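One-letter residues, chain by chain:
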Amino acid sequence: GAVVSQHPSWVICKSGTSVKIECRSLDFQATTMFWYRQFPKQSLMLMATSNEGSKATYEQGVEKDKFLINHASLTLSTLTVTSAHPEDSSFYICISWGDRVLEAFFGQGTRLTVV
Amino acid sequence: AQSVTQPDIHITVSEGASLELRCNYSYGATPYLFWYVQSPGQGLQLLLKYFSGDTLVQGIKGFEAEFKRSQSSFNLRKPSVHWSDAAEYFCAVGARDYKLSFGAGTTVTVRA
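Residue numbers (the numbering used here), protein chains in the order written: chain V, 156 to 270; chain U, 38 to 149.
In isolation and in its complexed conformation, chain U is listed as follows (with noise of 0.2 Å):
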């Protein structure tokens, strides 16, 4: 069965300032990989997902994420953070039978 390991519970960085948020799988093929936020009190808004292709994937509100198949992981990464970032985020990997198995979240603070 697949995993998802984000090693960041929590990240504070300032506002303006770069962001990156780690996300490691296990998956014995090529995996389908998704980036969700969830603002407190809110369900999942999907930012970015890959299948295939081009391995740097492109997500709404100025998120890309990599997908590195040699070091089994999908980094999200924005290059200029605004306070409303503020959120959880939860890296996903979904196999073939569609099931989605989620890391635990890491928490982005925004400090102006």
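Same shape as in the complex, but just chain V (with noise of 0.2 Å):
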């Protein structure tokens, strides 16, 4: 079945250094893509929506210098924390629709840790 594949499922970066996150689409094309982000304890929050060959659409607060992302192709987008701060420390997940079934597929989750 149709899966997201993310990758890396856990990280830990130094202050003020940069961290790509990628998320690629087994076995079906991911037009859209979102990216949520989880502080512990908490719900998952909708930080951007990304769609293939166009710029991202992020949610109110979210800084999109900080956080970039691309989506070139129909199965890859990409998340980069820029000059990452602890407080970037986070639960990264991408979810995307199938195109063929009416599912939403997640990604398995990155967790990012700033020291």
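Hints should not be assumed to be uniformly reliable.
[Stated by the list, open to error] Below are the DMTMM-like pairs computed for lysine to aspartate or glutamate, each with C-alpha atoms no more than 20 Å apart in a straight line:
no.: 1; chain 1: V; residue 1: Lys175; chain 2: V; residue 2: Glu242
no.: 2; chain 1: V; residue 1: Lys196; chain 2: U; residue 2: Glu101
no.: 3; chain 1: V; residue 1: Lys169; chain 2: V; residue 2: Glu242
no.: 4; chain 1: V; residue 1: Lys210; chain 2: U; residue 2: Glu57
no.: 5; chain 1: U; residue 1: Lys105; chain 2: U; residue 2: Glu52
no.: 6; chain 1: V; residue 1: Lys196; chain 2: V; residue 2: Glu242
no.: 7; chain 1: V; residue 1: Lys196; chain 2: U; residue 2: Asp122
no.: 8; chain 1: U; residue 1: Lys98; chain 2: U; residue 2: Asp122
no.: 9; chain 1: V; residue 1: Lys219; chain 2: V; residue 2: Asp254
no.: 10; chain 1: U; residue 1: Lys136; chain 2: V; residue 2: Glu242
no.: 11; chain 1: U; residue 1: Lys136; chain 2: V; residue 2: Asp254
no.: 12; chain 1: U; residue 1: Lys86; chain 2: V; residue 2: Glu242
no.: 13; chain 1: V; residue 1: Lys196; chain 2: U; residue 2: Asp45
[As the list claims (entries may be wrong)] Here are some, though not all, of the chain V residues that point toward chain U, as calculated from beta-carbon distances under 7 Å:
no.: 14; residue: Ser198
no.: 15; residue: Leu199
no.: 16; residue: Trp252
no.: 17; residue: Leu257
no.: 18; residue: Phe261
no.: 19; residue: Gln263
no.: 20; residue: Gly264
Simulated from the structure, these hints should not be mistaken for lab results. Note that the structure is a prediction, hence the values are computed from the model and not measured. All C-beta atoms, glycine included, are put in the ideal place defined by N, C-alpha and C.
Mind docking these for me? Both chains are given alone in their own frames, and the hints should help you get the complex.
Have a look at this one:
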């Protein structure tokens, strides 16, 4: 069945560095990818919506220059956390909907820790 | 925009007892409704979903949920919980733009 593969599953980085998170859709074309963030003990909050071949749409309060999203192909969307700081430590997850079946497919999530 | 409310932050239930988690949503049309479970340190696993049709939906792990349009609810139930059901449960509503809005989550503790 359709799968979204998210990589890495966890990453620890130093403050000030950048981290790239990849989400690949397997067996289907992910025209749209949704990026969410989950802080400890909290729910998932939508950060941005990426559409293949166009600029991402960011939710209010999310810095587009800090969270760079690229969706250059129908099977790959990336989120780059630039100049990461400890407050960016969170669980990031991508979600896409199938193109032949009406279902949301989740990446496995990336646990980012900035030290 | 759609929204989801999970009124119960934390529920403790005895193993073998029944479980019901509440979910209320706000959306102008018929929503897509989901329940997900998240174990500590893990990603989210889909338990069940409702798009249309039969309002009583069966899911994995013995869970079921009932869509009640008049109450704008989509409560999750399990007749007999197992210790492995201890986790965080999220209700989510999806609109026609496919954006999912998640509830704050309900933590379920299972006592022996």
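Verification of the hints:
About 17 Å separates the Cα atoms of lysine 175/V and glutamate 242/V, which keeps this hinted pair within 20 Å; it holds. About 25 Å separates the Cα atoms of lysine 196/V and glutamate 101/U, which puts this hinted pair outside 20 Å; it is violated. Among the hinted pairs, lysine 169/V with glutamate 242/V is consistent with the structure: their alpha-carbon atoms are about 12 Å apart, no more than 20 Å. Note on lysine 210/V and glutamate 57/U: the hinted pairing is violated, with a Cα-Cα distance of about 42 Å set against a maximum of 20 Å.
A hinted pair counts as satisfied when its Cα atoms are at most 20 Å apart, and lysine 105/U with glutamate 52/U does not qualify at roughly 28 Å. Distance restraint check for lysine 196/V and glutamate 242/V: the Cα-Cα separation of roughly 15 Å lies within the 20 Å cut-off, and the hinted pair is therefore satisfied. Taking the CA atoms of lysine 196/V and aspartate 122/U, the gap is about 18 Å. The hint holds against a cut of 20 Å. For the proposed pair lysine 98/U and aspartate 122/U, the alpha carbon gap of about 9 Å is at most 20 Å, so the pair holds.
Straight-line distance between C-alpha atoms of lysine 219/V and aspartate 254/V comes to about 27 Å, which puts the hinted pair past the 20 Å bound. Taking the CA atoms of lysine 136/U and glutamate 242/V, the gap is near 25 Å; set against the 20 Å cutoff, the hint is violated. Restraint check: the Cα-Cα separation between lysine 136/U and aspartate 254/V comes to about 15 Å, which is no more than 20 Å; the hinted pair holds. Taken as a hint, the lysine 86/U and glutamate 242/V pair is broken in the structure, with Cα atoms around 33 Å apart against an allowance of 20 Å.
With a C-alpha separation of about 14 Å, the suggested pair lysine 196/V and aspartate 45/U falls inside the 20 Å cut-off, and the hint holds. Proximity of serine 198/V to chain U holds as hinted, the smallest CB-CB distance being about 5 Å (cut-off 7 Å). A cut of 7 Å between beta carbons decides the hint on leucine 199/V: the least distance to chain U is about 5 Å, and the hint holds. Annotation: interface hint on tryptophan 252/V holds; nearest CB of chain U at approximately 5 Å, less than 7 Å.
Hint status for leucine 257/V: holds, given a least beta-carbon distance of 6 Å to chain U, under 7 Å. Interface hint at phenylalanine 261/V: satisfied, since its Cβ lies 5 Å from the closest Cβ of chain U, which is below the 7 Å cut-off. Evaluation of the glutamine 263/V hint against chain U yields a held restraint, the C-beta minimum of about 5 Å falling below 7 Å. A cut of 7 Å between beta carbons decides the hint on glycine 264/V: the least distance to chain U is about 4 Å, and the hint holds.
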